[in-house]
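Take a look at the letters that make up each chain.
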Amino acid sequence: MASNHPLIESRQQEVIEDFSVFDDWMDKYEHLIDLGKDVPVIDDARKTEEHLIKGCQSRVWLAADVADDGGVIFTADSDAIITKGLVGLMVRVLSDAPAQAIAEANLHFLDAIGLHQHLSPTRSNGLASMVQQMRLYAAALAARQS
Amino acid sequence: MASNHPLIESRQQEVIEDFSVFDDWMDKYEHLIDLGKDVPVIDDARKTEEHLIKGCQSRVWLAADVADDGGVIFTADSDAIITKGLVGLMVRVLSDAPAQAIAEANLHFLDAIGLHQHLSPTRSNGLASMVQQMRLYAAALAARQS
Amino acid sequence: MATTSLPERIRRDFPVLQREVHGKPLVYLDSAASAQKPLAVIEGQREYLSNYHANIHRGAHHLAQLATEAYEGARTNLANHIGASGTEEIIFTSGSTDAINLVAQSWGRHNLSKGDVVLVTQMEHHANIVPWQMACEAHGARVEPVNVHADGTLDLEDFHACLETHQPKLVAMVHASNTLGTINPISDLCRAAADAGALTLVDGSQALPHMSIDVAHLGCDFYVATAHKAYGPTGIGFLWGKKEHLEAMPPWRGGGEMIQRVSFAGTTYNSLPHKFEAGTPHISGGIAFGIALDWMKGIGMDEIAAHEADLVAHAHSALGTVKGVRIIGTAPHKVGVVSLVAKGIHPYDMGTLLDGQGIAVRTGHHCTEPLMDHLGLESGTLRMSFAAYTTTREIDVAVAGLERALAMLR
Amino acid sequence: MATTSLPERIRRDFPVLQREVHGKPLVYLDSAASAQKPLAVIEGQREYLSNYHANIHRGAHHLAQLATEAYEGARTNLANHIGASGTEEIIFTSGSTDAINLVAQSWGRHNLSKGDVVLVTQMEHHANIVPWQMACEAHGARVEPVNVHADGTLDLEDFHACLETHQPKLVAMVHASNTLGTINPISDLCRAAADAGALTLVDGSQALPHMSIDVAHLGCDFYVATAHKAYGPTGIGFLWGKKEHLEAMPPWRGGGEMIQRVSFAGTTYNSLPHKFEAGTPHISGGIAFGIALDWMKGIGMDEIAAHEADLVAHAHSALGTVKGVRIIGTAPHKVGVVSLVAKGIHPYDMGTLLDGQGIAVRTGHHCTEPLMDHLGLESGTLRMSFAAYTTTREIDVAVAGLERALAMLR
Ligand SMILES: Cc1ncc(COP(=O)(O)O)c(C=O)c1O
Ligand SMILES: Cc1ncc(COP(=O)(O)O)c(C=O)c1O
Numbered sequence: 070m071a072s073n074h075p076l077i078e079s080r081q082q083e084v085i086e087d088f089s090v091f092d093d094w095m096d097k098y099e100h101l102i103d104l105g106k107d108v109p110v111i112d113d114a115r116k117t118e119e120h121l122i123k124g125c126q127s128r129v130w131l132a133a134d135v136a137d138d139g140g141v142i143f144t145a146d147s148d149a150i151i152t153k154g155l156v157g158l159m160v161r162v163l164s165d166a167p168a169q170a171i172a173e174a175n176l177h178f179l180d181a182i183g184l185h186q187h188l189s190p191t192r193s194n195g196l197a198s199m200v201q202q203m204r205l206y207a208a209a210l211a212a213r214q215s
Numbered sequence: 070m071a072s073n074h075p076l077i078e079s080r081q082q083e084v085i086e087d088f089s090v091f092d093d094w095m096d097k098y099e100h101l102i103d104l105g106k107d108v109p110v111i112d113d114a115r116k117t118e119e120h121l122i123k124g125c126q127s128r129v130w131l132a133a134d135v136a137d138d139g140g141v142i143f144t145a146d147s148d149a150i151i152t153k154g155l156v157g158l159m160v161r162v163l164s165d166a167p168a169q170a171i172a173e174a175n176l177h178f179l180d181a182i183g184l185h186q187h188l189s190p191t192r193s194n195g196l197a198s199m200v201q202q203m204r205l206y207a208a209a210l211a212a213r214q215s
Numbered sequence: 025m026a027t028t029s030l031p032e033r034i035r036r037d038f039p040v041l042q043r044e045v046h047g048k049p050l051v052y053l054d055s056a057a058s059a060q061k062p063l064a065v066i067e068g069q070r071e072y073l074s075n076y077h078a079n080i081h082r083g084a085h086h087l088a089q090l091a092t093e094a095y096e097g098a099r100t101n102l103a104n105h106i107g108a109s110g111t112e113e114i115i116f117t118s119g120s121t122d123a124i125n126l127v128a129q130s131w132g133r134h135n136l137s138k139g140d141v142v143l144v145t146q147m148e149h150h151a152n153i154v155p156w157q158m159a160c161e162a163h164g165a166r167v168e169p170v171n172v173h174a175d176g177t178l179d180l181e182d183f184h185a186c187l188e189t190h191q192p193k194l195v196a197m198v199h200a201s202n203t204l205g206t207i208n209p210i211s212d213l214c215r216a217a218a219d220a221g222a223l224t225l226v227d228g229s230q231a232l233p234h235m236s237i238d239v240a241h242l243g244c245d246f247y248v249a250t251a252h253k254a255y256g257p258t259g260i261g262f263l264w265g266k267k268e269h270l271e272a273m274p275p276w277r278g279g280g281e282m283i284q285r286v287s288f289a290g291t292t293y294n295s296l297p298h299k300f301e302a303g304t305p306h307i308s309g310g311i312a313f314g315i316a317l318d319w320m321k322g323i324g325m326d327e328i329a330a331h332e333a334d335l336v337a338h339a340h341s342a343l344g345t346v347k348g349v350r351i352i353g354t355a356p357h358k359v360g361v362v363s364l365v366a367k368g369i370h371p372y373d374m375g376t377l378l379d380g381q382g383i384a385v386r387t388g389h390h391c392t393e394p395l396m397d398h399l400g401l402e403s404g405t406l407r408m409s410f411a412a413y414t415t416t417r418e419i420d421v422a423v424a425g426l427e428r429a430l431a432m433l434r
Numbered sequence: 025m026a027t028t029s030l031p032e033r034i035r036r037d038f039p040v041l042q043r044e045v046h047g048k049p050l051v052y053l054d055s056a057a058s059a060q061k062p063l064a065v066i067e068g069q070r071e072y073l074s075n076y077h078a079n080i081h082r083g084a085h086h087l088a089q090l091a092t093e094a095y096e097g098a099r100t101n102l103a104n105h106i107g108a109s110g111t112e113e114i115i116f117t118s119g120s121t122d123a124i125n126l127v128a129q130s131w132g133r134h135n136l137s138k139g140d141v142v143l144v145t146q147m148e149h150h151a152n153i154v155p156w157q158m159a160c161e162a163h164g165a166r167v168e169p170v171n172v173h174a175d176g177t178l179d180l181e182d183f184h185a186c187l188e189t190h191q192p193k194l195v196a197m198v199h200a201s202n203t204l205g206t207i208n209p210i211s212d213l214c215r216a217a218a219d220a221g222a223l224t225l226v227d228g229s230q231a232l233p234h235m236s237i238d239v240a241h242l243g244c245d246f247y248v249a250t251a252h253k254a255y256g257p258t259g260i261g262f263l264w265g266k267k268e269h270l271e272a273m274p275p276w277r278g279g280g281e282m283i284q285r286v287s288f289a290g291t292t293y294n295s296l297p298h299k300f301e302a303g304t305p306h307i308s309g310g311i312a313f314g315i316a317l318d319w320m321k322g323i324g325m326d327e328i329a330a331h332e333a334d335l336v337a338h339a340h341s342a343l344g345t346v347k348g349v350r351i352i353g354t355a356p357h358k359v360g361v362v363s364l365v366a367k368g369i370h371p372y373d374m375g376t377l378l379d380g381q382g383i384a385v386r387t388g389h390h391c392t393e394p395l396m397d398h399l400g401l402e403s404g405t406l407r408m409s410f411a412a413y414t415t416t417r418e419i420d421v422a423v424a425g426l427e428r429a430l431a432m433l434r
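These protein sequence lines map, in sequence, to chains A, B, C and D.
Position 119 (the first sequence) corresponds to 188 in this note's numbering; numbering is contiguous.
Position 103 (the second sequence) corresponds to 172 in this note's numbering; numbering is contiguous.
Position 44 (the third sequence) corresponds to 68 in this note's numbering; numbering is contiguous.
Position 235 (the fourth sequence) corresponds to 259 in this note's numbering; numbering is contiguous.
Isolated chain A, as found in the complex:
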């Protein structure tokens, strides 16, 4: 993974800056809850097994589509508010970027904001699975484009 696509990189910087004001986990979670409110919600009709992410304690649905300009549009939802915040965070960083750039993104911001521990291979929260699924969608879309 070389340098990031400028859009992904600038979004990551924004997020790092946003989170830098919080020195307490509860504030971070408060912010995540807010982020969840802005997630572009997946169509109810698409909340199927196919769009369900495995490996989360809560249920997370995620879909990826390509906009006219070639950027990827993610829509998502979850029955848990913080999980929805996590997916909202990822959507904020990755949406609108080109598929190939998403598939190859270096998501260093997770480390910077202290969420890398949520990437551990535990099966309780789905951040690792979400990230993986977003990359897979992007890779599939990229393959279709080329």
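The set of hints was computed from the structure by calculation and includes no laboratory data.
Virtual Cβ for every residue (Gly too), placed ideally from N, Cα, C.
Careful, some of the hints might be misleading.
From the derived model, a few chain D residues whose C-beta atoms are all more than 12 Å from chain B [what the hints assert, rightly or not]:
1. R33
2. P39
3. D140
4. E161
5. A174
6. L180
7. H190
8. R215
9. G221
10. I237
11. H241
12. A289
13. H338
14. G375
15. D397
16. G404
Some chain D residues close to chain B (C-beta under 7 Å, calculated; not the full set) [what the hints assert, rightly or not]:
17. H46
18. D373
19. L433
Guided by the hints, dock chains B, C and D with the ligands onto chain A, whose structure is given.
Just chains B, C and D with the ligands now, kept in the frame of chain A:
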């Protein structure tokens, strides 16, 4: 187990005294090797599966008979010299005593001479099995006598 | 009764309880998942590894003798602790799960056949369901569950009806539920099962840390538990079985230790308990398990049980004041487990926001999915679980933390 | 090459090596039975139990995250250490024995049937014989052994003949013999087996502590080993298997962790590696195993191997001067294992008299009875076995001790 039969008790005291001069394990083993030489040897014809003691790394054969005076006579053998010494030690303490007394003997001398660790439920040496077998023989003989 | 409370006396024995999480003092309410370890256990294991580690049983040398004595001493300790009639009835396993699989596979091989039933309850842990499903599938038998009431107690009427209808070969049931806390009336259940001609296996994983156990009094045929929930190390647990059953069962795992004689012409097996203990055992784990039993005995199981009953009562009443919260499992006799749900809120969200405040609880189905399905709790529950070292103050902190979490989530 | 010898540099890491036995400094020559543990392993386990113990995988709280990361980190470490293609190929077990039983029972269920053959060698440990005998008996298959030469090397001609004659479904063979020290030419053997259409399982119990291992280069299908012989804790080991095989195999133990969804209507299983890891794992053991691997890597497997080769050469030549002693196992490539017999003397007597001098060796059949029968050694051998911390001086002390013992016994 109340107080021991006088014969068994005095033999134990003798053994404790014998061993008291050794402060080194090698000297104790030397003495055991000597004891092995005095074991009344079991008839070759009786070295059968029936007289083999289970749970020893070496093979130990042991038989028990009743003398005219009612005392138990043990005969034994082993293909390992130290094991033979251990069985010799037990024979020295228990032979000639009445069956019932053997079955119920309190073998405190093993503790006193530092051999109690050989009584641990490890399967490598057969002291625990020997003691158990001698008690079983004695109990069987006692039952037959009464 | 001592004048200082139990946790006041023992908390300093638990190094982890002195730590912080996310800058807050740790409040550890996840003991049903795994208990923390007292210094005696930690240091006993270290002492073993530092001073007398050796492979056991067959070694003639001094360290092997010391290690064997310590390991077999733990077996004796455990046999006494649960009222076994002898050490040959104690099989060390890697945990409860391993122990139940041993019975399901070994006993199942000769005793389950087409049309047979293994009866379980709807409140079983997966460890006491899946091994039976697998064994039943292999032999054409089937698993049937006994109903659980909405309050978390076992439906005794259904239990008797199931014995009658299914004539099960074996009844597998939990002594105390890890999700509901419910303590089942095991000796009554075992008597009824025996009258119906069924063997009984009791999963004591949550009972061992919380109460005194006497298998003879319970009247079961098999009893299993795991050390790590009872202040002991990970990787070890046990199966107790009546000697006659264990004698009749074929070995399950082959290898060293469990044999009497090996040759290509034919192999003969060792006597109990070794027949079921193939390979090098978890020596340091066994020894430390024995130390954990001593530690519990030193406090007294009755004092631990009384303390936990107080904690449960305190938690029930403190949670009663929290709006929208419903306690799942309100049986009259419970171990230190309190499950709850809050209307419209996902347990995972509550758990995460408690973690943010340094409070460790568990959320989800707690490896009891069929129970969650039965109770209509598809997202599971939030579970607080207690041990001898838990304080009422910690429960208060958790309840306050929960209120804060709910305020953020609503 | 460092100027100080390897043991000089590392002995202080091993607390037990500072102790006395029967008033003499301990000379521990029983590392093939179980290796002693470096401080890093002992303290790592203690640190875990003191500071971040929690049940893993399903816990959302901080300690559970830390414990999960450490445990799964050990899996990654191990996967790298043996050249696995991914962590899903690493199944933690309670040891080598458990790992072999897993394959014999799970793989055996769908792959062994009437008339099939599992090929083993005459130098296998019971752990690599008995599970196959049990699995073969269950399915009407049989176990056939490959001949071993008098010098302790595998009879390669017979190996090829057996592949041809028996067309085995699987070949189970030891990487390095715990009794003879022989290192088998595993990559050649695996290639030949694969050409004959057989899968291969390699028992690496004695290889893991002594050499670098690359399963891809070896070309086997399954590889097992146990931590306690490789400076790690008791109660943990692993099975490595090619993903395609592990995917195709049914689960063996049922319970928590290994499921995806449980219901009385039907249960579905988790993905690899969890499918084979039912129940709470030996968390502290896994973490400490990872530390042991790091410790070995810190020294370098090549340096350990070279040191042990020196020790074996030294022992062979020192023992060559002892009257009546015969070394059993003189293969050109050996791990740090030297077995011997003395004419007319029972190995148990020699072992006991060495123990009296503080020297720990092992005597008997070393869980390789068929090998002992084959070599006509009904009382077994006396085995000295070495590790990274063993010194040539210790071997000299042992040889002198042996001479003293023989003098007493003759
Ligand atoms: C070659 C070999 N295989 C298998 C084993 C069994 O290992 P464990 O007892 O740790 O399962 C051993 C050790 O005893 C061994 O030396
Ligand atoms: C009731 C019950 N049974 C069985 C188990 C399984 O125990 P282990 O995972 O230690 O095998 C547990 C713990 O998870 C439990 O709570």
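Next item on the list: Measuring Cβ to Cβ, find out whether G404(D) lies farther than 12 Å from everything in chain B.
Entry: Given a closest Cβ separation of 8 Å, the condition is violated.
Check: Measuring from the C-beta of H46(D) to each C-beta in chain B, is the shortest one below 7 Å?
Finding: holds, 5 Å
Check: Per the stated criterion, does the least C-beta distance between H241(D) and chain B lie above 12 Å, as a non-interface residue requires?
Finding: Holds, since 39 Å exceeds 12 Å.
Margin query: Checking a non-interface call: every C-beta of chain B should be farther than 12 Å from the C-beta of D397(D). Is that right?
Written below: holds, 15 Å
Note to self: According to the definition I'm using, a residue is off the interface if its beta carbon is farther than 12 Å from all beta carbons of the partner; does R33(D) meet that for chain B?
What the structure shows: holds, 32 Å
Item checked: Separation of D140(D) from chain B, once the least beta-carbon distance is taken, above 12 Å -> Consistent with the label, D140(D) stays out of reach of chain B, its closest Cβ about 34 Å off (over 12 Å).
Next item on the list: Against chain B, does G221(D) hold up as non-interface, every C-beta pair farther apart than 12 Å?
Entry: Since the minimum Cβ distance to chain B is about 41 Å, G221(D) lies beyond 12 Å and the statement holds.
Next item on the list: Confirm or reject the statement that L180(D) sits farther than 12 Å, beta carbon to beta carbon, from all of chain B.
Entry: holds, 33 Å
Notebook entry, point to check: For I237(D), which was marked as not at the interface, is the minimum beta-carbon distance to chain B over 12 Å?
Noted result: Non-interface label stands for I237(D): nearest chain B Cβ at 31 Å, farther than 12 Å.
Check: When the nearest CB of chain B is found for L433(D), is that gap smaller than 7 Å?
Finding: Since chain B brings a Cβ to about 6 Å from L433(D), closer than 7 Å, the hint holds.
Check: Taking 12 Å as the cut and beta carbons as the points, is R215(D) off the interface with chain B?
Finding: holds, 40 Å
Margin query: For A289(D), is the shortest CB-to-CB distance to chain B above 12 Å, so the non-interface label stands?
Written below: holds, 47 Å
When the structure is compared with the earlier hints, violations turn up for hints 14 and 16 and for no others.
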